[in-house]
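**Q** For reference, the chains in residue letters:
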Amino acid sequence: MGLAKLRRDFHEARWEEPIIFELSNEGERGIITPKDEKIERIVGDGISELPSSIVRKKLPNLPELSQKRVLMHYLRLSQEILGADVNIDIGQGTCTMKYSPKVNELLVQSPKVSEIHPYQSEETVQGALEIMYKLDLFLREISGLDRFVFQPGGGSQAIFAIASIIRAYYKSRGEERDEIITTIFSHPSDAAAPAVKGFKVITVYPDSETGIPDAEALRGAISSRTAGFIVTNPKDTGIFNPRIKEFTNIVHKAGGLCAYDQANANGILGIVRAKECGFDIGFFNLHKTFSSPHGSGGPAVGALGVKKELENFLPVPIVDYDESREMRRYYLNYNLPSTIGKVREFYGVFPVVLRAYAWIMSLGEGGIKEVAKIAVLNNNYVMYKILREVRDADISYPANRHRIEQVRYTWKNLREKTGVTTEDVINRMYDFGFHLRTSHHPWIIPEPFTIEPTESYSKEELDEYIEGLKEVVREAYEEPEMVKRSPHRSSIHRVDTSWLNDPSKWAVTWRLYLRKHRNGDSN
Amino acid sequence: MKMKVGLIVNPIAGMGGRVGLKGTDGPEILKRAIELGAKPWAEDRAYEAMKILRNLLNDSIEIYTYPSRMGENSARRAGFFPKIVRDLGGREGTTAKDTVRAARDIRELGVDLLLFTGGDGTARDVYRAIAEKQVVLGIPTGVKVYSSVFAASPRAAGELAARFLKRQVTEVVEAEVLDINEEAFREGILSVRLYGYLKIPYDSLCIPGGKIPSGHSEKYTKEAAAAEFIDNMEEDCIYIIGPGTTTKEIMKKLELNYTLLGVDAIQGGKLVGKDLNERQIINLISSRKAKVIVSPIGGQGYIFGRGNQQISPRVLRMIGKENIIIIATPGKIESLRGKPMLIDTGDEELDKELSSYYKAILGYREYIMYKVIPGYREQY
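One line per chain: the protein sequences are A and B, in this order.
Going by the numbering used here, 40 is the number at position 40 of the first sequence; the sequence numbering is gapless.
Here the numbering used here = 1-based position in the second sequence + 1000.
Hints were generated in silico from the structure; no laboratory data involved.
Since the model is a prediction, treat every value here as computed from it, not as a measurement.
One should not assume that every hint holds.
What the hints assert, rightly or not - Just the calculated beta-carbon pair ranges, DEER-fashion:
# : chain 1 : residue 1 : chain 2 : residue 2 : range
1 : A       : 366       : B       : 1056      : 53 to 61 Å
2 : A       : 389       : B       : 1108      : 41 to 49 Å
3 : B       : 1109      : A       : 243       : 54 to 62 Å
4 : A       : 58        : B       : 1252      : 45 to 53 Å
5 : A       : 243       : B       : 1056      : 30 to 38 Å
As the list claims (entries may be wrong) - Here are the computed lysine-lysine pairs in the DSSO-like style, where the Cα-Cα straight-line distance is at most 27 Å:
# : chain 1 : residue 1 : chain 2 : residue 2
6 : A       : 245       : B       : 1166
7 : B       : 1359      : A       : 253
8 : B       : 1166      : A       : 417
9 : A       : 200       : B       : 1321
We put the CB at the ideal spot given by N, CA and C, even for glycine.
Hey, can you work out the whole structure from these sequences and the hints?
**A** Listed below in structure tokens is the structure:
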């Protein structure tokens, strides 16, 4: 048995590390190479040969630092995190934080992978193409769909590609359909991405007693303008809609297409397939369900799959295998007559594809099903414990339904009794080295928090996390003001986010920061 | 020993609504309401609640009330033999002073629960008289029902009262007494003020959450929703624009004159009626194509029967269910916490007919499918 221990004296590293641009010293260099006059005599200074139109008049404003300072800078920043590999990361519900096997990093870091260039000729990357081709085959089996591509750089981009395919499909049929239906407990991008593509979006709310939408509500949303239905299932609340086939039938009857947002398929992997639920399109986030380190917009893949009838609309290239040629080989196929074009350059983030491939190969069919079963078991264990042992934590909307791989809880009672909100609990959890999140907006469930234990965590680790919640609730009753002022042992205690609503203040680059806050010009 | 229940009816509460006045606080407004053909309905509402109470508790309670229209009539109609706590010498008690005195008298008798019929003005009077010294529950009747002390409908009030008296509901909470400034209201300015708290029995299924006044953060979403409505307007159709800041964003965008808390009408982008009462609406829409646009009250979710009684059952029957347009910003929806929107027109049959899923405007090219049910439905 491992040790389940609440870390009462935890303290996160706090380096007060400046932004790298602020560390810059003019003329400081990482590596200074010796000057070789002999070489210079032969090849020149390397710059005067360039056409003047592409030579910078002014040097770029890059930070100038020694190698040691660069190393210290990034090591310090890396200590100021609560990432998946340092905390029991079950509080980031809906994001499927699981352990990414480190052996797969060896594969990814191999020069055979890291040195590949997307413009290399196909003959020289047959191994990589084979892995992509075979992962496509695996995902066909897991989903029941007929063809996958890995081009989308994340879930939202996959949904954007879905919206593009739906639009192209009706355009090819000469039908004017411009309405997409989704549900409020689907991922917000299921509404946002089609809106960007110019669709009208109709969001169906669930019945407050069942937690899933009524078929009647869906019928009310359907019209001759219905182009598609894009949903998650299980919902963000962890509730699975068992009548999903009836829903897809209703949409098909009205002439619409059905798309399955399986960004997070962790609770039904190998158990429920898109095809049998009646979906025409679907996607998996390889970085979630199929294990790749993710977060903070890190490299990701939204693996996008379609049924045969929609294959010609996929973004290009797709990876194909040519048996007819003398040299049997894999190749990139750009020849799809109705393709939507590209949603991103090239064929996808290969390291993520490789990790997913390795993960599936190491588990096999039985292992994949076991992942789902353990994820569901862990979730139900945590739910059982939270509802019985964590005072004032409640499951909301509705209380009596089964949950699959995650649960949306509520601190409504805690707030009413102590004034401590879900944000306060989250802030205090940092003080014990834990991370917790609320939910997507809008907060229809009051004071929400979402926990998704996945298959990666042991009973001891789950218990440790729940001890953290219990401690914070105890404190909420005894020292509510202390909890409301937390975190006290984190890298940065409070970040004023009010300026996020003011476009004149926020800056996503150093250059913008200088322009907005220091009136400076940095080229 | 029998349990004691107090009852106070403000007989004029709610009279301004159907004739397009915003409340009946003050004798001049009452006079105008009567001139415009307003009929009292507070006694009916009190009767509906008392009838439920009578059915559920039978003879196990005693009613303490004021004479005639201030409660006696409603209680008798429901089959009770109420104790009259003060003789008004034949005078009709219709002023705020009467409400305050009745609340004080009844509290001094030591009742288990005090029911009162009215709107925010009445709630304020009750608060002035007894503050938090007595458990009360409001039967909604007034034009303005912003306060959280009211049950969802007379029926819901009767049911909750019965559950409380039977000790099936034991929790008591402090609920806000809110009121808007009626003068400012008639000038078209919405300003809600918190006056205090009253103690009410608490059952999360029965009490609307209280109205949540929309803040500035809703500004852009309101504009977006209004733009979507305007994009889909038909030239030959009359649009009856219900009260509130959400619907009146449409008028702002069209650069039309409007009354914030009244009912206006437009056609072909032009104003064709301002601050209309029931009769004026009927005249306007007779044998013409008309649609009505309303927004739910934040927190509570009422789309009809609160603050827009001019859009009466008769008006709604003429317009038809398919021509009801609901506009609701994300903030409004969030404030409903997943609960359905409600209708309480005073005509139960109509409320049932209008119950359905509606495709409501949420923003620009954004809609939601949302359930609308009668305000008195049992599960609520």
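**Q** A separate judgement is required for each hint: does it hold in the structure or not?
**A** Now the hints, each set against the structure:
Between residue 366 of chain A and residue 1056 of chain B, the C-beta spacing of about 59 Å keeps the proposed range 53 to 61 Å intact. Checking the proposed 41 to 49 Å range against residue 389 of chain A and residue 1108 of chain B shows it holds: the Cβ atoms sit about 47 Å from each other. The supplied range of 54 to 62 Å is met by residue 1109 of chain B and residue 243 of chain A, whose beta-carbon atoms lie about 55 Å from each other. Roughly 49 Å separates the CB atoms of residue 58 of chain A and residue 1252 of chain B, a value that falls within the hinted 45 to 53 Å.
Taking the beta carbon of each, residue 243 of chain A and residue 1056 of chain B are about 36 Å apart, inside 30 to 38 Å as hinted. At roughly 45 Å between alpha-carbon atoms, residue 245 of chain A and residue 1166 of chain B are farther apart than 27 Å, so this suggested pair is violated. For the hint linking residue 1359 of chain B to residue 253 of chain A, the alpha-carbon distance of about 20 Å falls within 27 Å, and the restraint holds. Our distance criterion of 27 Å between C-alpha atoms is met by residue 1166 of chain B and residue 417 of chain A, whose separation comes to about 25 Å.
Simply put, residue 200 of chain A and residue 1321 of chain B have alpha-carbon atoms about 23 Å apart, close enough for the 27 Å limit, and the pair holds.
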